[in-house]
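Trainee: Sequence:
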Amino acid sequence: MQNDSNDDVGGRARQALTSAETSKERLEELYKIPKCKLPPASEMAAIETFVVNAIQSQEPRNADTNNKLDPTHSEAYRAILTALKRPNDPPMICKVLLALRTAGHGSILSLLALRDNHAQLLHLVIRFVSTLPPTFDETLTGDPGAMLQVYKDYSLCDAHFNLLLAIVSAKSTHVVPVLTAVWKLLTNFGPIEDKGVIHRIHSMIFNVLRLVPKSMSDVYPIIASKFPFWLKDKESLVWYTKQSFKVLDYLPSIRQRVFELLIEKCVEIDVNIFIKDNGDVTIDETEQRSAEDEDEYGQKNTNKSKVNLNTSVDVLSDKLDALLELLFDNIQSGCQAGVSSTQKIYHELVQIFESTILTTHKSKFVQFCIFLPCGLEAQIASNNEMIENIEQKSNESPITVSASNSKGVIEHEEEAILYREFASKLLQILVDPYRATTTRQSCACYLASFVSRAAFIGIDSVCESISALLTWAEAYIGSLGIYSVRAADARQQSEHHALFYTVCQAAFYIMSFRGNEAIEYYRNAVKYEAANADGTMNDDLGQDNDEPQYPDLECINLDGKRWTSLCGHALQPLRFCLESVRSEFLHMAHFYTLIDEEVLNKLVADAKRLSTGRVNKKAASSIKTAATLERRRQTGGVGGLGRGSNPLKSFFPFDPLLLRQSHGYIEPLYKYWEGPVEEEDVLVIDEIQRDGDPTFYMDDDESIEESDGENENSDDDDDDSDIDHSEALSDSEGYDRPSNLLTPDAYKIKLLQQKAWTETLKRPRSQSMENGSW
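Just so you know, numbering that gives the first Met the number 0 puts 102 at position 103 of the sequence shown, and the rest follows in order with no gaps.
Bear in mind the hints are in silico, worked out from the structure with no lab data behind them.
Here the structure is a predicted model, which is why all the values come from computation and not from measurement.
Do not rely on the hints blindly, as some may be mistaken.
Stated by the list, open to error - Calculated pairs, EDC-like style, for lysine to aspartate or glutamate (alpha carbon to alpha carbon, straight line, at most 16 Å):
no.: 1; residue 1: 526; residue 2: 551
no.: 2; residue 1: 233; residue 2: 267
no.: 3; residue 1: 241; residue 2: 259
no.: 4; residue 1: 648; residue 2: 494
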C-alpha cells in the first residue's frame, strides 16, 4: 500500500515536471527572435572590414609603435556614431548593426561589450530606436520608401535585437540598460498598432531573461518606474497596463507585484475624485496643480504648454473604469484554472488589500478586486457540485473536470472557502487591540458591506458574522466602568466610543440586508437542536440525514435577548447610526419581535426625535451625471441604506459599483437592496422635523458630515400611500396632535407629507447603472 502511494506521488511529480518542460518549450518556440536577413556575402564583407577598421582605430596603441593611424578610420567611427544619433540612412545602419555582431569572428563584439573606451557607441546602440521610423531630414536625397522598407520587413529591428542579445551574452552587467531600453521601445511612443513589433519586443525581453535568469528580479522595478502618471491620457494608461500584463505570460512570478502596482495607480485616481458637501463631484485641485508642475518621472516641467494635464470627473472616472476592467479581466482569467488557482490569486490580493486598500480613506471602487475572486471561487465550486450530482444520478464514475479547456484541472472535492477567509480576516483585524482604531472601524464597515452585498455568502456565515459582532459589542460593554457610559455631549461620546458604535452599526446594517434570512435560519437551527435533544427529528427542518447541518448555536446566536440588551444599553448604539440603517433595523426588530416591546417603543420614540425629516444635503452626496440620472429614471435610484445623518462618518465600501464597463464583472455576484421587510410602514419613524432633545443635540453645520459618494440620495417620485399609520402611532407613543398650532387641514397635510417621505426613504433600491461613466 505504501509503495502504491509512493508511485502515485512520483507519477504526479513526473507529470508536473513534464508539463513544466512542455510549457518552457512552448514559450521558447513562441518567443523566438527571427533570424536576421543578411545582405550578399561580398557586400557584407566590405561592411565588416569598414566596422573592424573603425573600431580598432579607437583602441589604445603601444607607445613604441611606429604605425600611424589612418585618419579615415577615425572618421568612419565618428560616422557610425552620427548615424546612430540621426538615422538618415536606415539600410546602412542595419548593415552596421549586423557587422558589429559578426565582424572579426566576434572580436569586435567583445571589444564593444567589454571595453570602456566604446561606452558612447554602446550607449547609442542600446538606446537606438529600431521599431519606429524617424522623421528624415529635408536634405535627404535617397528614396524614403526604400529606407522605410527595413522598418516594414523588420530587418532593422531583428538586426538590432540580435546584437543586443549578443551584448548581454558577452557581459551580463548590460542586462538592466538593455531591458530598460527595450521596455521604453514598447511604452514611450504610445500604443503600437504593429503586432509584429509588439511580439518582437516581448520576445526580446523573454530571451534576455532566458539568457540571464537572475535578471528576472530587474523587470518589475523597470515596469514600476515607467508607469504613466494618473493624469496622462486614458490610451497611454491602458496600453501600458496591457503590456505589463503581457509580461506575465512568460514571467508569472511578478504577478502579485503587477497587481499591487495597478491597484496603487487605481487608488491614486480613486482618491482624487472629490465629492463636495453639496453633492458636486470634482477633481482635487491641489493634487492637480501639483501634478501639472511635474512630469511622469516626478521632475519639474519647464514647459507646461507641452503637457496638458487638465481633466474632468468624467474623464478621470473613465480612466479608472478602463484600468479596473483590465484588472478584473486578468483576475477572472487567472481564476479560470479552478478553485486552487482562484485561491492563489486571492492570497496575493488580500495582502495588497490589507496594505493599500484598507488604509485608504473611503476608497470607492478599487476594493472590488478582492470581492471578485471570492465570488468566482463560489461559482466554480457550485458548478463542480452540480456536475458531481449529475454524475452520481447517472451512476457514472467521478471524473476530473477541466475548466476552460486545457488551462487546469478542477477537483470535485474542492470547496468555496475564500469568502469565509476574508470575513475572518476582517474580524481578526477588528478585534486586534494593537491596530489603529480607524483601521478597525474600516474593517467593521468592510465586513458589513461584504456580508450584505455578496450574493454568494452562505446564510450560516452571515449569522456567524452578526453573532461575532454582537459578541465583541457585549464584551466592550462589559469592560466599561459605571462612569464611562455617558459623555458631556454627543460629539464627545461618538468619538470616545467610535469603534463600538461602528461595530453595532455594522450588525444593524447586515440585519437590514440579510435579517429575514438570518432570523429564519437561526430559528430553524434552534428548532432542530431542540428536536434533536428530544430525540424527535422534525422532517420539515430540511435535514437529509442524522448529521446536523447547522453550526453550533453559540456561533450563530441571534437571540432577541442579545438585541434587547444591546439596543437598550445606556450607550444607545442606534442613536449614532445612519438614519436609514436605524429606521430599517427597527422595522426588522418589530417584524421579528427581536426587541422587547417596551424597549422597542422607547427606541422608536427616540428615533422620531432624532430624525431630520429629510435627507441632509451634507449627509448623502450625489454623483449627478447624465448616466446616473438615467439609471434612476429606469429603476428608481442608486445605492442602498446610505442615507441620512452620518455622525460616525462611516461608509459601506461594497455599495453598487457605478462604473459602466467594470461593473459587469461584479454584477452576477452581487446582492442588491430588496426593499423593507414590511411592505407597509407599521412603525412611522421619520418625522417632518426633529423635536428638541437636550441629551442628544447635533449641529447640522458641524456634526452631520457627508456620507460616502456611493451612498446616493433617493428620488422623490414614489407614489404616496393612501394608508396613514402615523396618527395611530403618535397616539400610542404619547405624541399629541398639535391642534393649538395647526388647523386640522394643515395638520393632515403634514401627516401626508410625513408618510410620503417615509415611503421615499424606505423605497426599494436599484441595481448599479449600465451606461455612462458612473
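Trainee: Next, verify each hint and record whether it holds.
Mentor: Hints versus structure:
1. 526 - 551: 13 Å, holds
2. 233 - 267: 14 Å, holds
3. 241 - 259: 15 Å, holds
4. 648 - 494: It holds: about 11 Å lies between the C-alpha atoms, which stays within 16 Å.
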